[in-house]
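Note that UniProt numbering gives residue 61 to position 61 of the sequence shown, counting from 1, and the numbers run on in steps of one.
Treat the hints with caution; some may be incorrect.
Here are the computed distance ranges between Cβ atoms for each label pair [claimed, not checked]: (1) 143 / 181: 17 to 25 Å; (2) 123 / 265: 42 to 50 Å; (3) 96 / 161: 26 to 34 Å; (4) 311 / 285: 35 to 43 Å; (5) 211 / 240: 37 to 45 Å; (6) 164 / 79: 29 to 37 Å; (7) 269 / 181: 23 to 31 Å; (8) 266 / 157: 37 to 45 Å; (9) 148 / 273: 39 to 47 Å; (10) 311 / 106: 40 to 48 Å; (11) 148 / 295: 41 to 49 Å; (12) 94 / 161: 29 to 37 Å; (13) 305 / 79: 38 to 46 Å.
Because the hints were derived from the structure by calculation, they are not lab data.
Treat the numbers as computed from the prediction; the structure is a model and nothing was measured.
C-beta: ideal position from N, C-alpha, C; glycine also.
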Amino acid sequence: MAVLSPASGSHRFKRHLPGGISTPPPPPKNRRVGAADECWDISDDRWLRSVLAGDLAASSSRGTTTPSTSSITTPAGRGFKLDVGASYRPKKGRNPLGEDAHFISDAGNAFGVADGVGSWTRRGIDAGEFARQLMSACKAQIKELSHCGITGSLLQGVLKSALAGTTARGTSTACVGAVDGPFLRVLSIGDSGFMVLRGGAVAYHSPPQHKGFNFPYQIGRVDPAYPLACAKSFTVQLAPGDVVVAATDGLFDNLFDEDIAALVTRMRAERPRRTADEMARALAAAAVTAYTRSEDTPFAAASRAAGLLPGTGGKPDDVTAVVVTVCSSNFPAHLPLPQRASSS
1 MAVLSPASGS
11 HRFKRHLPGG
21 ISTPPPPPKN
31 RRVGAADECW
41 DISDDRWLRS
51 VLAGDLAASS
61 SRGTTTPSTS
71 SITTPAGRGF
81 KLDVGASYRP
91 KKGRNPLGED
101 AHFISDAGNA
111 FGVADGVGSW
121 TRRGIDAGEF
131 ARQLMSACKA
141 QIKELSHCGI
151 TGSLLQGVLK
161 SALAGTTARG
171 TSTACVGAVD
181 GPFLRVLSIG
191 DSGFMVLRGG
201 AVAYHSPPQH
211 KGFNFPYQIG
221 RVDPAYPLAC
231 AKSFTVQLAP
241 GDVVVAATDG
251 LFDNLFDEDI
261 AALVTRMRAE
271 RPRRTADEMA
281 RALAAAAVTA
291 YTRSEDTPFA
301 AASRAAGLLP
311 GTGGKPDDVT
321 AVVVTVCSSN
331 FPAHLPLPQR
341 ASSS
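Throw the hints in and build the complete structure from the sequences for me.
And the structure:
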């Protein structure tokens, strides 16, 4: 089990760089900062052809999630009272549903986000349908296991079963989490991730998984064992007042960590009873605004670090944000700050 330190100020620019890569990968050809299409450089096209030739059923319409906001407040079960909200802002384009998906469990203590890999559109495949089916199946699995305690291995089982029940073609990133007792358990793969805000600052931010610049790890029905091999599990101890933000890269590519923290802090200062739904909508709107302007963004900073042409501006993309607010607790007061977040 690896131990990760809490996020720090230096996290601002490391957030979007491939982990463990000391030399930036060669830049994709004919790319510009803020290009509308998602950059997923398939180095060996034979791999994609083999996937398409596999025994994959055609996309179905089940499990669709329309662009929306949603909110739920769960009573103080297992110790915490939670307020959970979500907002989805699909990128303007030919696909009105976009390629992101999310869920909030009926009990309000579990959530998930997924980002279908847009490069599949070159093959006539709607990766958004894959993401929607995956999140719908995760929600169903979470409901069936609501009587169990949430662990990292259980979330792996949820993702594995959901993947097996997904019939659509494509791949996606994913981040699935649940609050169990005083702990937040999360399983993520790729650059969909989560952060914990405490006292107006970033207490922790999960590191993204990239194979190269803007080339995230992803799951699909190519290899059922793939998510078990590459997904990372995290456990963070929570305290009353904490705000958890889970999102796709549409948020994290366009807003720096400190900008997210500042927006949430300002909203709560203006009105302490701000709902999670209001904060989710504000974050998603801020990300959309960021990619339509020429200001610096994490995506632009990562582009420069990867050796692309200097530039500013964000990355036009679908934006999904799920916000979980810890309202009150039955646990002893004065829980310590999360000095460590464990991952395995």
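Evaluation of the provided hints:
A beta carbon spacing of about 19 Å between residue 143 and residue 181 agrees with the range 17 to 25 Å that was offered as a hint. A beta carbon spacing of about 43 Å between residue 123 and residue 265 agrees with the range 42 to 50 Å that was offered as a hint. Between residue 96 and residue 161 the CB atoms are about 29 Å apart, so this pair conforms to the stated range of 26 to 34 Å. Distance hint for residue 311 and residue 285: a CB-CB separation of about 23 Å, inconsistent with the stated range 35 to 43 Å.
The hint said 37 to 45 Å for the Cβ distance between residue 211 and residue 240, and at roughly 39 Å that hint holds. A hinted range of 29 to 37 Å for the beta carbons of residue 164 and residue 79 is consistent with their spacing of about 32 Å. Between residue 269 and residue 181 the beta carbons are some 29 Å apart, a value that agrees with the proposed interval 23 to 31 Å. Restraint check, residue 266 to residue 157: a C-beta distance of roughly 39 Å satisfies the suggested window 37 to 45 Å.
In this structure the supplied range 39 to 47 Å is violated for residue 148 paired with residue 273, their Cβ-Cβ distance being about 33 Å. Checked against the hint of 40 to 48 Å, the C-beta distance between residue 311 and residue 106 comes to roughly 44 Å, which is consistent with it. In this structure, residue 148 and residue 295 meet the distance hint of 41 to 49 Å, their C-beta atoms being roughly 45 Å apart. Against the hinted window of 29 to 37 Å, the Cβ-Cβ separation of residue 94 and residue 161 comes to about 32 Å, which satisfies the hint.
Between residue 305 and residue 79 the beta carbon distance is about 42 Å. The supplied range of 38 to 46 Å therefore holds.
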